[in-house]
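Undergrad: Sequence:
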Amino acid sequence: MQFSKSTDYALHALIHLGHSERRSNVGIKELSASLGVSESYLSKIMSKLRQDGIVRAVPGVNGGYELARPAEHISFLDVIQVVEGRQQMFACSNSNSSQHQLLADERGQERPRSSDCLVEKVMAGAEQQLHEYLREHTIQSVLDEAQRRGCLGGNKK
Numbered sequence: 001m002q003f004s005k006s007t008d009y010a011l012h013a014l015i016h017l018g019h020s021e022r023r024s025n026v027g028i029k030e031l032s033a034s035l036g037v038s039e040s041y042l043s044k045i046m047s048k049l050r051q052d053g054i055v056r057a058v059p060g061v062n063g064g065y066e067l068a069r070p071a072e073h074i075s076f077l078d079v080i081q082v083v084e085g086r087q088q089m090f091a092c093s094n095s096n097s098s099q100h101q102l103l104a105d106e107r108g109q110e111r112p113r114s115s116d117c118l119v120e121k122v123m124a125g126a127e128q129q130l131h132e133y134l135r136e137h138t139i140q141s142v143l144d145e146a147q148r149r150g151c152l153g154g155n156k157k
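Position one of the sequence shown corresponds to residue 1 (my numbering), numbered consecutively onward.
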């Protein structure tokens, strides 16, 4: 399992926005320079985050982006689902095989449901635990830890 570079850039951009104290918004030029990514690529990512209500676009000459809600209310799961999508990570694709029927079979059940597959059950449990972990970690929790380690130089919203 691997998340895309877009997710990496989105998370880092949000941390940059959460840390920026000089002004209430940060321009795409500054964001892209700090992340080492093209403005056009980052603009597409920021557009997704804006459409989902994670960031707000500030128009005008001095415009840019700012967090649309407090950093403690933006979880890693929120960001990943916006960038990667909200689809299920694993789906049993062998539902017609004899092996699948064997793993899904329960006594007294004539037609097992695909959700009864033991492999799918394990994978769904792993996905649920990952979601819980990512939901617990927020942009603010990363900012707090970076501040504790002295990584941010003291400028924090």
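If you are wondering where the hints come from, they were derived from the structure by calculation, not from laboratory data.
Every residue gets a Cβ at the ideal spot worked out from N, C-alpha and C, and that includes glycine.
It is possible that part of the hints are untrue.
The list that follows gives simulated cross-link-like pairs (lysine-lysine, DSS-like), each with its CA atoms no further than 27 angstroms apart [to be verified]:
1. Lys29 to Lys44
2. Lys48 to Lys5
3. Lys29 to Lys48
4. Lys5 to Lys29
5. Lys5 to Lys44
Pairwise CB distance ranges, derived in the manner of DEER restraints [what the hints assert, rightly or not]:
6. Arg56 to Gln88: 52 to 62 angstroms
7. Ala126 to Ser34: 15 to 25 angstroms
8. Arg148 to Ala91: 20 to 30 angstroms
9. His137 to Gln51: 15 to 25 angstroms
10. Ala91 to Gln147: 39 to 49 angstroms
11. Glu30 to Val122: 36 to 46 angstroms
12. Ser43 to Arg135: 25 to 35 angstroms
13. Arg69 to Gln147: 14 to 24 angstroms
14. Lys121 to Val58: 24 to 34 angstroms
15. Pro70 to Arg148: 17 to 27 angstroms
Undergrad: Are the hints correct? Go through all of them and say.
TA: Comparing the hints with the structure gives:
{"no.": "1", "hint": "Lys29 to Lys44", "in the structure": "holds (13 angstroms)"}
{"no.": "2", "hint": "Lys48 to Lys5", "in the structure": "holds (14 angstroms)"}
{"no.": "3", "hint": "Lys29 to Lys48", "in the structure": "holds (18 angstroms)"}
{"no.": "4", "hint": "Lys5 to Lys29", "in the structure": "holds (19 angstroms)"}
{"no.": "5", "hint": "Lys5 to Lys44", "in the structure": "holds (13 angstroms)"}
{"no.": "6", "hint": "Arg56 to Gln88: 52 to 62 angstroms", "in the structure": "violated (30 angstroms)"}
{"no.": "7", "hint": "Ala126 to Ser34: 15 to 25 angstroms", "in the structure": "violated (34 angstroms)"}
{"no.": "8", "hint": "Arg148 to Ala91: 20 to 30 angstroms", "in the structure": "violated (40 angstroms)"}
{"no.": "9", "hint": "His137 to Gln51: 15 to 25 angstroms", "in the structure": "holds (23 angstroms)"}
{"no.": "10", "hint": "Ala91 to Gln147: 39 to 49 angstroms", "in the structure": "holds (41 angstroms)"}
{"no.": "11", "hint": "Glu30 to Val122: 36 to 46 angstroms", "in the structure": "holds (45 angstroms)"}
{"no.": "12", "hint": "Ser43 to Arg135: 25 to 35 angstroms", "in the structure": "holds (27 angstroms)"}
{"no.": "13", "hint": "Arg69 to Gln147: 14 to 24 angstroms", "in the structure": "holds (20 angstroms)"}
{"no.": "14", "hint": "Lys121 to Val58: 24 to 34 angstroms", "in the structure": "violated (47 angstroms)"}
{"no.": "15", "hint": "Pro70 to Arg148: 17 to 27 angstroms", "in the structure": "holds (19 angstroms)"}
Of the numbered hints listed earlier, those contradicted by the structure are 6, 7, 8 and 14.
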